[in-house]
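All chains should be built: construct the whole structure from the sequences, respecting the hints.
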Amino acid sequence: MRQGILALAVAGSVTLAGCGGGGDGVERATGDSGEKRDSAPMPAPALPNGGTGAATPGGQGDDERREFAPDHLSTFALDVDTASYGFARRTLAEGRLPDPSTVRPEEFVNSFRQDYPRPDGDGFSVSVDGARTDGDGWSLLRVGLATRGEPAETERPPAALTFVIDVSGSMAEPGRLDLVKRSLGLMTDRLRPDDSVALVTFSDTAETVLPMTRLGDGGGSGEGATDDGENAGGRTRVHRAVAALEPTQSTNLEAGIATGYDTAVRGRKEGATNRVVLLSDALANTGETSADGILDRISDARREHGITLFGVGVGSDYGDALMERLADRGDGHTTYVSNEAEAREVFCEQLPAHIELRARDAKAQVAFDPETVEQFRLIGYDNRAVADDDFRDDSVDGGEIGPGHTVTALYAVRTKPGADGRLATASVRWLDPDSREPREESGRIGTADLDGSLGEADADLQVTAVAAYFADALRSAAPPGGHVDRDLPEPHPATPTLAELSERAHALPTRTKQVRELTSSIDRAARLTAG
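Taking the numbering used here, the leading residue of the sequence shown gets 1, the next gets one more, and so forth.
Since the hints were made in silico from the structure, they are not lab data. All values reported here derive from a predicted model rather than from experimental measurement. Careful: at least some of the hints might be erroneous.
[Said to hold, decoys possible] Here are the simulated EDC-like cross-link-like pairs (lysine to aspartate or glutamate), alpha carbons at most 16 Å apart as the crow flies:
| no. | residue 1 | residue 2 |
| --- | --- | --- |
| 1 | 181 | 340 |
| 2 | 416 | 369 |
| 3 | 416 | 371 |
| 4 | 181 | 246 |
| 5 | 269 | 434 |
| 6 | 416 | 134 |
| 7 | 416 | 449 |
| 8 | 416 | 136 |
| 9 | 416 | 451 |
| 10 | 269 | 217 |
| 11 | 269 | 194 |
| 12 | 269 | 356 |
| 13 | 416 | 374 |
| 14 | 269 | 304 |
Encoded structure:
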């Protein structure tokens with residue numbers, strides 16, 4: 001099922017001055033002064049191929065691909081990936097348009113943190129709001145989910161992290177293995193003494209270069225000791241192993257993942273958060289190269305031991321689809337780093353702070369009232385759809401969500417003429433990370449809550465809309481003299497051009513660092529497509 005712009009968002013970027021800096025490091029998408037500014041109303045979202053998408057309960061709309069759910073239910077697994085947006089920004093900075101197949105609108109939106117209320121315990125708070133986009137009955141509906149922030153450093157459980165590091169020949173390019181090494185060195189000093197680290201490398205074969213080593217270990221012949229006769233401490237052994245990494249031959253990602261999970265299982269710590277972290281350009285060319293085939297090798301480790309996979313992508317040439325699929329099937333998420341500041345953010349802030357889980361197998365379901373809603377569509381999350389009947393089937397995989405995350409599901413909604421009353425009920429279901437007991441939380445919204453225009457809406461919602469429109473524009477963009485991939489949805493005639501979107505981005509009522517970067521990327525894309 002193809003879906004166009006706008007999307008499901010999640011935990012966004014964290015800015016930092018350095019690994020030892022103070023403060024929470026979070027830059028929120030809020031205005032500098034809190035004042036609202038006038039801007040032109042944004043148009044209705046794209047409808048592929050000109051379809052009306054009209055939906056009636058129990059029937060199928062005019063669009064044979066069911067762009068609009070016929071039963072007024074929308075169900076999906078939560079996700080916190082942001083790699084698509086980071087890779088698009090890197091590609092645009094190099095003077096190229098990203099491949100449309102790598103543009104996932106939900107990951108663009110995921111990159112901007114929202115200021116939703118937080119729950120007191122594990123699980124989620126639910127917020128629902130929206131705004132009108134034009135005079136044709138269309139609105140954007142935002143379902144906001146948030147988890148409680150990260151615990152104090154002394155409260156979180158220890159971590160057992162197995163880093164699976166790509167040392168193939170392609171990682172010799174500047175900004176790949178060199179960036180990974182610097183980042184791992186910084187992170188090693190940031191983790192606690194009761195955390196443990198193992199290192200696995202892979203090229204044409206895979207090797208465990210450092211077994212699970214407790215960072216506070218004083219050395220000697222105990223766990224993680226080296227054979228060089230020195231009584232080096234745990235941190236020192238990790239630093240030495242990282243410093244010795246050098247690029248070699250081809251990319252057998254299958255061997256790396258299999259050895260990494262085997263190392264993680266052998267070094268698994270009871271009461272700790274056990275995780276595999278893959279660092280690669282994901283350009284697999286040896287052994288099994290499909291995500292499903294690779295993960296079939298380690299399915300028991302994932303299910304029996306609950307070891308999740310965090311993928312960190314690097315490089316100007318990047319196997320985006322493979323990395324995303326690996327993370328989805330590995331009950332984890334992906335991000336992308338292109339420079340040292342972004343790498344520090346991921347390894348020094350995000351990873352240590354988000355070691356603990358707030359929810360397992362989290363799924364969301366939004367029920368639209370057929371009495372008031374004529375058409376609707378979840379924008380993005382093409383490969384995260386869940387059957388409506390599986391919402392309360394706790395054996396069906398959802399998403400693993402950590403502390404301080406936000407998730408935004410953005411819908412295009414068209415209400416019936418004169419509609420008044422309840423519009424939708426949004427529910428989220430998850431398993432308690434410790435007891436595995438299922439829990440739910442819900443929120444509701446009425447038609448009256450969509451009376452305001454998007455140009456006057458909350459600053460976060462405006463930024464979310466621009467990011468999502470940007471993703472849709474990139475999916476249909478072509479350089480001068482090029483062509484558009486017709487397998488992707490056609491944009492609606494009212495969708496802003498990149499030049500128009502640039503004007504909207506410059507007029508946003510907030511100018512945080514993230515918003516400035518978004519605006520700069522839109523400007524670059526507009527120049528690349530100008531005839």
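Hint by hint, here is what the structure shows:
Between residue 181 and residue 340 the CA atoms are separated by roughly 11 Å; this keeps the pair inside 16 Å, and the hint holds. Restraint check: the Cα-Cα separation between residue 416 and residue 369 comes to about 11 Å, which is no more than 16 Å; the hinted pair holds. For the suggested pair residue 416 and residue 371, the alpha carbons sit about 8 Å apart, so the restraint of at most 16 Å is met. Note on residue 181 and residue 246: the hinted pairing holds, with a Cα-Cα distance of about 10 Å set against a maximum of 16 Å.
Proximity of residue 269 to residue 434 is assessed by CA-CA distance (about 15 Å); at most 16 Å being required, the pair is judged to hold. A distance of roughly 14 Å separates the Cα atoms of residue 416 and residue 134; the hinted pair therefore holds under the 16 Å criterion. A threshold of 16 Å between alpha carbons decides the hint, and for residue 416 with residue 449 the separation of about 15 Å falls inside it, so the pair holds. With a CA separation close to 10 Å, the supplied pair residue 416 and residue 136 stays within the 16 Å bound.
A C-alpha spacing of about 14 Å is found between residue 416 and residue 451, which places the hinted pair at or below 16 Å, so the restraint holds. Between residue 269 and residue 217 the alpha-carbon distance is near 15 Å, which keeps this suggested pair within the 16 Å criterion. Of the pairs offered as hints, the one joining residue 269 and residue 194 holds, with about 11 Å between alpha carbons and a cut-off of 16 Å not exceeded. Proposed proximity of residue 269 and residue 356 is supported: the alpha carbons are some 14 Å apart, at most 16 Å.
In summary, the hint linking residue 416 to residue 374 is supported, as the alpha carbons are separated by about 5 Å, within the 16 Å threshold. With a C-alpha separation of about 14 Å, the suggested pair residue 269 and residue 304 falls inside the 16 Å cut-off, and the hint holds.
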